[in-house]
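A.B. asks: Just need the whole structure built from these sequences, with the hints factored in.
Protein chains: 2
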Amino acid sequence: MPQGKPETVPEDGLTTRQRRHRPLTVVHTGTMKGKSTAAFGLALRAWSAGMPVGVFQFVKSAKWRVGEEGAFAALGQAHEASGVGAPVAWHKMGEGWSWIQRAGTETDHAADALEGWRQVQRDLAAERYGMYVLDEFTYPMKWGWVDVGEVVETLRDRPGFQHVVITGREAAPALVEAADLVVEMTKIKHPMDAGQKGQRGIEW
Amino acid sequence: MPQGKPETVPEDGLTTRQRRHRPLTVVHTGTMKGKSTAAFGLALRAWSAGMPVGVFQFVKSAKWRVGEEGAFAALGQAHEASGVGAPVAWHKMGEGWSWIQRAGTETDHAADALEGWRQVQRDLAAERYGMYVLDEFTYPMKWGWVDVGEVVETLRDRPGFQHVVITGREAAPALVEAADLVVEMTKIKHPMDAGQKGQRGIEW
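First to last, the sequence lines map onto chains E and B.
Using my numbering, the first residue of the first sequence is number 611, and each one after it goes up by one.
Using my numbering, the first residue of the second sequence is number 611, and each one after it goes up by one.
In case anyone wonders, no lab produced these hints; they're calculated from the structure.
Predicted model, so just to flag it, every value in this text is computed and none were measured.
Here are the simulated distance ranges between beta carbons:
no.: 1; chain 1: E; residue 1: K752; chain 2: B; residue 2: T796; range: 14 to 22 Å
no.: 2; chain 1: B; residue 1: Q729; chain 2: E; residue 2: D767; range: 47 to 55 Å
no.: 3; chain 1: E; residue 1: G754; chain 2: B; residue 2: G693; range: 43 to 51 Å
no.: 4; chain 1: E; residue 1: L724; chain 2: B; residue 2: E760; range: 53 to 61 Å
no.: 5; chain 1: E; residue 1: P769; chain 2: B; residue 2: T764; range: 49 to 57 Å
no.: 6; chain 1: E; residue 1: A721; chain 2: B; residue 2: W753; range: 50 to 58 Å
no.: 7; chain 1: E; residue 1: V786; chain 2: B; residue 2: D767; range: 40 to 48 Å
no.: 8; chain 1: E; residue 1: G754; chain 2: B; residue 2: Q731; range: 48 to 56 Å
no.: 9; chain 1: E; residue 1: S692; chain 2: B; residue 2: H701; range: 17 to 25 Å
no.: 10; chain 1: E; residue 1: P783; chain 2: B; residue 2: V786; range: 28 to 36 Å
no.: 11; chain 1: E; residue 1: A683; chain 2: B; residue 2: T641; range: 32 to 40 Å
no.: 12; chain 1: E; residue 1: R732; chain 2: B; residue 2: T796; range: 31 to 39 Å
no.: 13; chain 1: E; residue 1: Q729; chain 2: B; residue 2: A691; range: 30 to 38 Å
no.: 14; chain 1: E; residue 1: P769; chain 2: B; residue 2: W753; range: 45 to 53 Å
On the chain E side, residues computed to face chain B include the following (Cβ under 8 Å):
no.: 15; residue: T647
no.: 16; residue: G651
no.: 17; residue: L652
no.: 18; residue: L654
no.: 19; residue: W657
no.: 20; residue: G680
no.: 21; residue: Q687
no.: 22; residue: G695
no.: 23; residue: M795
no.: 24; residue: T796
Heads up, the beta-carbon is just placed ideally off N, CA and C, and yes, glycines get one too.
C.D. replies: Here it is, written out as structure tokens:
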């Protein structure tokens, strides 16, 4: 879309300018990694545009995304020191791995995820951020810990100008339907196919 | 691959540790945007891991990626001020749009792109960065401005520990073959289909 020419013009009664300045719901899904990486790339751009960034890490353990967390901490400090960019808030919600539902701790994970979503709802109502990254948020929906219909409704009715990016595999059809932009990351080739393990600076 | 379990173990005589610490050639391709965004997400992570980052913008006009450029400038300054992360260098090579080959300026674009690649070669030889982002670099190859075989050879023979990420549509088969990791961004849904135009904080 680099030409900036829409393929169609909707009959929604909005001017181009109004349409241009509409908050977006973005979903990064698919089986390949890169979903979160791309989401943090979007957050980086939002930060540059002066939009406060709120990151909510669902499900994954705290040792993941340490790279991004450090970088965004530096960006938040740069904002405090010299006013460039915008404030950054980083929240880690879950424990354990997203693909393992450990017996005995499931209840806690579910409660944690739901409480994380409740905080997102409160922040959206308060218009606290300009860019929300709800990392791995498809899983709590998939597992029934957070109601998809409620998410769609909350996003649809959110006030002001707040972009929301949701990452994770197997995004619910209702969420895809509600989203403005959906990108699927597809694997063509991966070094682990050739026996290579993850490494610092690339995988985390 | 979050479990960190390779599907196969190659018979290359390397230990797991040696294989783990191997510089990667990564290609982000496909028709959907998000290729560069994801590349800058990787660069963000590399920065956090203390790897000097070198960005080379091929082809696109200087008004693109201003968001990322500003954010990485802040990260570079954070490194200078407090030692976190790593140094950042940002180079803009081309003028004009990647999908328009303007009559009369083609020669300059071709020469600019080739000179950009020559600088990348010099920097690789000098082991200047730990992470190279060659943004939109598939196009100079596609248009014959930079020889694909030479790129593959240079990347294959590069010294030390330097990751290279290349973005752009229609990556050459030889490049895909030579890459360790190839991700294709696929469009499922895009707001411009509904008549929306690009906007600050999302598109740039």
